[in-house]
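As you go down the protein sequences, you meet chains V and W in turn.
Residue numbering for the first sequence follows this note's numbering, beginning at 257 and increasing consecutively.
Residue numbering for the second sequence follows this note's numbering, beginning at 257 and increasing consecutively.
Calculated directly from the structure, the hints in this document are not laboratory data.
Misleading hints may appear alongside valid ones.
As the list claims (entries may be wrong) - Between beta-carbon pairs, the in silico distance windows are: (1) S349/V to G562/W: 31 to 41 Å; (2) A421/V to G562/W: 54 to 64 Å; (3) A313/W to E454/V: 54 to 64 Å; (4) R552/W to T283/V: 52 to 62 Å; (5) D602/V to S282/W: 32 to 42 Å.
To be verified - These stretches of chain V come out as covered by chain W in the derived footprint (C-beta under 8 Å, 3 or more residues): (6) 330–341; (7) 346–354; (8) 370–376; (9) 479–488.
The beta carbon of each residue, even a glycine, is placed where N, CA and C say it ideally should be.
2 protein chains.
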Amino acid sequence: MIKIEVDLGDRSYPIHIGSGALANISTNTKVESRQIMVVTNETVAPIYLERITNAFADRIVKTVILPDGEEFKTLDNLNVIISALLEYEFDRSCTLIALGGGVVGDLTGFSAACYQRGVDYIQIPTTLLSQVDSSVGGKTAVNHRLGKNMIGAFHQPTCVVADTATLSTLDQRQIRAGVAEIIKYGLISDPEFFEWLETELENLLRLDAECLAYAIRRSCENKVAIVARDERESGVRALLNLGHTFGHGIENVLGYGEWLHGEAIACGICMAADLSVRMNLLSTAEYERILSLISRAKLTLLPPVGLNPKELATAMYKDKKTRGGRIRLVLLRGIGDAFVCDDYPDSEFQAVLNCGRASNQQ
Amino acid sequence: MIKIEVDLGDRSYPIHIGSGALANISTNTKVESRQIMVVTNETVAPIYLERITNAFADRIVKTVILPDGEEFKTLDNLNVIISALLEYEFDRSCTLIALGGGVVGDLTGFSAACYQRGVDYIQIPTTLLSQVDSSVGGKTAVNHRLGKNMIGAFHQPTCVVADTATLSTLDQRQIRAGVAEIIKYGLISDPEFFEWLETELENLLRLDAECLAYAIRRSCENKVAIVARDERESGVRALLNLGHTFGHGIENVLGYGEWLHGEAIACGICMAADLSVRMNLLSTAEYERILSLISRAKLTLLPPVGLNPKELATAMYKDKKTRGGRIRLVLLRGIGDAFVCDDYPDSEFQAVLNCGRASNQQ
Numbered sequence: 257m258i259k260i261e262v263d264l265g266d267r268s269y270p271i272h273i274g275s276g277a278l279a280n281i282s283t284n285t286k287v288e289s290r291q292i293m294v295v296t297n298e299t300v301a302p303i304y305l306e307r308i309t310n311a312f313a314d315r316i317v318k319t320v321i322l323p324d325g326e327e328f329k330t331l332d333n334l335n336v337i338i339s340a341l342l343e344y345e346f347d348r349s350c351t352l353i354a355l356g357g358g359v360v361g362d363l364t365g366f367s368a369a370c371y372q373r374g375v376d377y378i379q380i381p382t383t384l385l386s387q388v389d390s391s392v393g394g395k396t397a398v399n400h401r402l403g404k405n406m407i408g409a410f411h412q413p414t415c416v417v418a419d420t421a422t423l424s425t426l427d428q429r430q431i432r433a434g435v436a437e438i439i440k441y442g443l444i445s446d447p448e449f450f451e452w453l454e455t456e457l458e459n460l461l462r463l464d465a466e467c468l469a470y471a472i473r474r475s476c477e478n479k480v481a482i483v484a485r486d487e488r489e490s491g492v493r494a495l496l497n498l499g500h501t502f503g504h505g506i507e508n509v510l511g512y513g514e515w516l517h518g519e520a521i522a523c524g525i526c527m528a529a530d531l532s533v534r535m536n537l538l539s540t541a542e543y544e545r546i547l548s549l550i551s552r553a554k555l556t557l558l559p560p561v562g563l564n565p566k567e568l569a570t571a572m573y574k575d576k577k578t579r580g581g582r583i584r585l586v587l588l589r590g591i592g593d594a595f596v597c598d599d600y601p602d603s604e605f606q607a608v609l610n611c612g613r614a615s616n617q618q
Numbered sequence: 257m258i259k260i261e262v263d264l265g266d267r268s269y270p271i272h273i274g275s276g277a278l279a280n281i282s283t284n285t286k287v288e289s290r291q292i293m294v295v296t297n298e299t300v301a302p303i304y305l306e307r308i309t310n311a312f313a314d315r316i317v318k319t320v321i322l323p324d325g326e327e328f329k330t331l332d333n334l335n336v337i338i339s340a341l342l343e344y345e346f347d348r349s350c351t352l353i354a355l356g357g358g359v360v361g362d363l364t365g366f367s368a369a370c371y372q373r374g375v376d377y378i379q380i381p382t383t384l385l386s387q388v389d390s391s392v393g394g395k396t397a398v399n400h401r402l403g404k405n406m407i408g409a410f411h412q413p414t415c416v417v418a419d420t421a422t423l424s425t426l427d428q429r430q431i432r433a434g435v436a437e438i439i440k441y442g443l444i445s446d447p448e449f450f451e452w453l454e455t456e457l458e459n460l461l462r463l464d465a466e467c468l469a470y471a472i473r474r475s476c477e478n479k480v481a482i483v484a485r486d487e488r489e490s491g492v493r494a495l496l497n498l499g500h501t502f503g504h505g506i507e508n509v510l511g512y513g514e515w516l517h518g519e520a521i522a523c524g525i526c527m528a529a530d531l532s533v534r535m536n537l538l539s540t541a542e543y544e545r546i547l548s549l550i551s552r553a554k555l556t557l558l559p560p561v562g563l564n565p566k567e568l569a570t571a572m573y574k575d576k577k578t579r580g581g582r583i584r585l586v587l588l589r590g591i592g593d594a595f596v597c598d599d600y601p602d603s604e605f606q607a608v609l610n611c612g613r614a615s616n617q618q
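Please take these sequences and the hints and turn them into a complete structure.
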């Protein structure tokens with residue numbers, strides 16, 4: 257079992273990674289609360305919920321089971337969770353447990369941030385994407401019809417438990433979506449990890465236990481190092497948004513749930529790399545390495561055929577990364593060398609947005 | 257003009273108090289944002305809104321005008337504000353301005369806490385109650401049908417501007433409701449201030465400018481001193497809830513808006529004092545002084561006639577102050593000597609809850 261410490265002063269917490277980590281959930285999480293609310297979804301509940309409720313059989317454990325999907329990450333479902341907490345008379349010393357992927361984690365975390373102005377919560381991510389990204393770092397939110405993650409809070413969990421054995425029930429599409437975020441860490445600041453991925457990608461995709469544990473650990477270490485320097489995204493943390501401004505735009509225009517988040521991010525990374533090449537920041541050789549790796553992960557390199565570039569630009573403009581009327585992007589000077597940029601030529605930006613259309617016209 | 261500094265490290269901010277403070281609003285608040293959203297209600301908007309929008313004529317200023325009343329402090333209206341921010345394409349560098357009483361302040365503050373995971377906001381309280389209490393300290397929230405302020409956040413404003421001239425448009429009922437919170441500060445830890453109130457109460461009620469400025473200043477100083485020691489209510493800040501657990505219970509059972517918040521708090525203070533006397537903590541002489549002052553402010557000393565004590569107990573149990581199944585109360589050892597207590601005899605607690613009924617039967 258691997259243990260990583262997230263160092264955030266009095267908000268520090270451990271991440272436990274390993275196959276079978278769920279078996280020791282009550283020992284690992286050290287929950288002292290008398291009242292525990294497990295939030296999960298209809299896909300995950302039949303497989304893992306009973307294991308969690310049994311582990312805390314000496315407490316008052318209640319559950320909220322939501323439908324599965326990004327379209328349920330809403331203020332309405334926040335209200336469902338808050339109502340359940342109030343109906344069961346949970347007080348400020350309770351703990352929420354998020355059992356599921358990023359949607360469950362973000363929604364549960366935000367519920368914990370708001371309930372009585374803040375209670376504890378634990379992340380038990382069961383998808384590759386949430387194990388390497390969304391469960392760590394304290395970003396919580398729900399979506400609004402006009403934009404993703406527009407209503408939220410920074411609220412750190414008290415513990416993260418990533419049981420790699422839970423990934424065996426995922427389909428390949430979800431695994432590949434998680435790999436997109438893993439590739440992201442290599443590109444931001446860890447060229448060695450990118451090289452490792454170039455060697456081991458197929459082993460990772462087939463869920464080789466050792467590869468999986470290493471990739472999750474290294475991803476979390478990369479993320480934790482950045483979050484510890486900038487918890488509330490006033491600076492360096494913005495680098496973690498590589499591929500996300502383009503990606504959120506695609507998700508927004510297509511409608512949430514059409515593409516998986518990781519699929520949109522993979523495409524967004526390619527678009528950011530494309531713009532970086534057009535600006536002579538990134539060499540074509542490195543660009544080719546990026547496209548090749550993402551392609552080997554069977555992720556899509558181009559925006560959906562027929563996607564309207566104007567709609568995409570509008571959606572990106574409304575994403576949280578806009579400052580003073582200008583969309584801020586994360587671009588690449590090389591593999592492992594990302595930076596935040598709002599000083600890019602509009603013509604090149606437009607050309608990148610038009611890639612999907614161009615491929616459509618070919 | 258009086259200026260008080262709230263010392264909270266990198267979340268420190270000034271409170272400006274004085275008659276005519278609104279005239280220099282753009283200078284006092286030092287807002288740098290390009291985009292400003294003023295949130296107010298239908299009562300306040302016709303009187304003060306234009307003054308605010310004119311003061312920031314060099315920015316993009318948008319407004320949200322809500323109906324007036326506690327029943328509008330809801331998640332639905334949070335969504336109204338967030339939707340407006342998104343429709344106007346406000347980014348993370350925007351500032352919200354809360355122009356109104358406690359409802360507008362709490363709702364706007366919580367919207368600012370959540371929008372894109374946190375943007376700046378300014379409090380311009382226009383009621384006595386919000387000038388002496390709710391605008392200071394960073395507690396923000398909306399109500400849930402099962403309890404008051406159940407969904408919220410700690411989010412400090414960047415500035416508070418209390419223009420005492422705005423109080424001249426309030427009716428006496430609202431002034432008296434504000435005085436309840438002012439009396440509270442004397443009772444918690446400032447016996448000198450309580451004595452001053454015993455001398456000056458009638459001058460305060462008739463809005464004598466000097467008295468008003470002194471009472472608001474001293475109230476804010478008392479609150480600020482406590483908030484600076486315990487921003488997130490893990491300890492001493494709980495003292496500020498004197499009268500609030502009983503008071504929230506009354507508001508909840510009656511339905512929000514029936515009694516004003518300050519009216520419920522005044523009654524709650526009397527009930528807390530009653531229990532303190534029954535436990536031989538508070539002398540009857542001091543108890544009489546408290547009742548006398550609250551009575552001179554024409555506030556109600558007893559719960560509403562016919563209020564069901566069981567319903568009141570249930571509502572109090574669901575308030576945020578419950579820990580480990582026990583309602584925590586703020587009681588008095590004397591005037592200026594409040595303390596948090598969960599070790600009180602249930603029989604005496606029940607007797608206090610029955611006061612309303614007893615008076616009914618007389």
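Comparing the hints with the structure gives:
Taken as a hint, the range 31 to 41 Å holds for the pair S349/V and G562/W, whose Cβ atoms sit roughly 34 Å apart. At roughly 60 Å, the beta-carbon separation of A421/V and G562/W lies within the given 54 to 64 Å, and the hint holds. Range check, A313/W to E454/V: about 57 Å between beta-carbon atoms, so the 54 to 64 Å window is met. With their beta carbons about 60 Å apart, R552/W and T283/V fall inside the hinted range of 52 to 62 Å.
Remark: the range hint 32 to 42 Å for D602/V to S282/W is upheld by a beta-carbon distance near 33 Å. Coverage of the stretch 330–341 of chain V by chain W holds. Counting CB-CB distances below 8 Å, 5 residues qualify, and the rule asks for three or more. Closer than 8 Å: that is the beta-carbon criterion, and the stretch 346–354 of chain V has 3 residues meeting it against chain W, so the requirement of 3 holds. As drawn, the stretch 370–376 of chain V meets chain W at 5 residues by the rule of a beta-carbon pair under 8 Å; at three or more, the given contact holds.
Here's how the stretch 479–488 of chain V fares: 1 of its residues keep a CB closer than 8 Å to some CB of chain W, so the rule of at least three is not met and the hint is violated.
Comparing the model with each numbered hint stated earlier shows that hint 9 is the single one that does not hold.
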